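Start from the sequences and build out the full structure, keeping to the hints where you can.
Chains A and B, in that order, are what the protein sequence lines are.
Here the first sequence stands for residues 1 to 220, where the numbers follow the UniProt record's numbering.
Here the second sequence stands for residues 1 to 230, where the numbers follow the UniProt record's numbering.
If you're looking for bench data, these hints aren't it; they were derived computationally from the structure.
Hints may be right or wrong, so weigh each one.
In silico DSS-like pairs for lysine-lysine, Cα to Cα no more than 30 Å straight-line [what the hints assert, rightly or not]: (1) Lys220(A) <-> Lys39(A); (2) Lys52(A) <-> Lys28(B); (3) Lys5(A) <-> Lys28(B); (4) Lys117(B) <-> Lys93(B); (5) Lys181(B) <-> Lys51(A); (6) Lys28(B) <-> Lys98(A).
Values in this document were obtained by computation on a predicted structure and should not be read as measured data.
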Amino acid sequence: MAEVKLLAAWPSPFYYRVVWALKLKGIAYEFIEEDLANKSPLLLQYNPVHKKIPVLLHRGKPICESMIILEYIEEIWPQNSLLPSYPYDKAIARFWIKFADEKSPAIWMVFRTNGEEHEKAVKDSLEMLKTIEEHALGEKKFFGGDKINMVDIAFGQLAYWLPVIEDVTGVKLLEAGNFPRLQTWIKNFKQVPIIKENLPDRDEMFAFFKRRREMTLASK
Amino acid sequence: MGEENKVILHGVWASPFSKRVELALKLKGIPFEYVEEDLQNKSPQLLRCNPVHKKIPVLVHNGKPIAESLVILEYIDETWKNSPRLLPKDPYKRAKVRFWTSFVQQQLFDTMFTVTKTEGEAQRKAVKEVSEKLQVLEEGIKELFPNGNPCIDSQNIGLLDIVILSLLGPHKVQEEVLGIKIIDPEKTPLIFAWLTAINQLTVVKEATPPHDKLVALLKFLRENSLKSSA
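Structure below.
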């Protein structure tokens with residue numbers, strides 16, 4: 001029986017956060033695919049509060065919420081560290097992780113809505129990107145410095161899922177603003193071997209999200 | 001206080017987020033300078049220390065600023081390792097504390113604000129939602145208090161205790177102003193006992209403004225909200 005199991009669903013960016021962390025640390029795991037339209041008793045048992053993926057199972061004990069899972073992984077398997085060791089730098093990293101989690105939903109609102117809601121979501125997304133461009137990266141290659149860390153992983157949605165949202169909705173957020181640092185980061189992030197080898201297929205993602213957007217807007 | 005360990009907290013007395021940090025510093029016996037900010041007229045130091053959000057609380061430790069109350073609390077625990085430890089040592093228990101802290105922060109805070117700032121149907125809906133979330137929390141904390149008796153003291157108080165206190169510690173004030181029962185000892189006996197235990201700590205009592213002052217504040221905030229949404 002695998003010591004580490006991951007309940008998740010393609011192509012969730014939260015699922016991939018955990019995959020990247022596990023792979024960067026060389027931790028073997030068993031992937032258990034969830035059908036979110038038909039949630040398994042296992043998922044309902046291990047995440048009764050939110051009923052969401054990803055859920056990490058370590059020796060049978062469940063941990064929920066992707067960034068909480070990542071902090072857990074970091075503490076259990078400290079090799080190839082994903083957080084700075086110095087408390088102040090760790091606090092700055094956590095600040096940006098929190099920012100990523102609080103502000104990233106705006107890009108999904110761009111994806112899910114139209115009309116006034118959509119306009120607001122576009123505005124919120126641009127503001128978020130501007131803040132990251134001006135305050136978060138500095139002159140570093142990655143948020144983690146020379147190597148990616150948990151902050152890069154937290155912002156991973158912007159590197160790969162946002163461009164798909166842009167294609168599906170036709171709203172070019174990254175071009176519309178002036179985000180040279182972010183654009184460079186996106187290019188570099190996708191070239192990191194573990195990331196490059198662990199990304200969903202772009203065409204399949206596009207088809208999936210195109211269908212989802214059509215369904216979501218039709219139901220409004 | 002030596003320059004080697006200078007701690008400044010930029011806060012606002014009425015803010016639950018500010019209160020969390022104040023409490024953590026006092027519980028750990030960390031000397032600090034407190035700067036009460038005027039949110040209508042934010043100090044240049046605050047704007048410099050939190051350029052991203054321009055919000056309080058901000059902790060400045062030896063000249064280096066940290067923003068976001070939960071980030072600050074974890075920083076405090078990692079920097080000052082004396083008792084009380086705000087997070088458990090065991091990684092799985094830490095994940096549990098972070099999970100429930102996130103739940104209170106994301107699921108309860110905003111809904112409680114809605115309860116205090118609305119009336120009529122909007123308020124009824126929010127009250128129902130708070131009640132449902134509290135039932136989930138009641139169930140969830142059973143594994144944190146396996147003997148059914150939350151015994152909180154100044155040595156074992158932690159992150160989740162501080163966070164729940166910041167939201168629901170003043171539930172009697174909220175109930176008086178709103179005329180609604182928020183924490184029913186029959187529906188959520190564990191949460192009621194938990195809050196009662198935390199509220200009895202000396203450090204907590206000393207850091208809590210007088211009841212009348214909190215009632216006046218909540219009335220003021222509520223009236224302002226209702227007026228501006230009318």
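Could you grab the alpha-carbon distance between Lys117(B) and Lys93(B) and see if it respects the 30 Å cut-off? With Cα atoms ~35 Å apart, Lys117(B) and Lys93(B) exceed 30 Å; violated.
Between the alpha carbons of Lys28(B) and Lys98(A), is the straight-line distance 30 Å or under? Roughly 25 Å between the alpha carbons, so the hint for Lys28(B) and Lys98(A) holds.
With the threshold set at 30 Å, check whether the alpha-carbon distance from Lys52(A) to Lys28(B) stays at or below it. Distance of about 36 Å is beyond 30 Å: violated.
Just to be careful, I want the Cα atoms of Lys220(A) and Lys39(A) compared with a cutoff of 30 Å; is the pair within it? holds, 24 Å
Hinted pair Lys5(A) and Lys28(B), Cα distance within 30 Å: violated, 38 Å
Hinted pair Lys181(B) and Lys51(A), Cα distance within 30 Å: holds, 29 Å
Hint compliance for this structure: hints 2, 3 and 4 are not met, and every other hint is.
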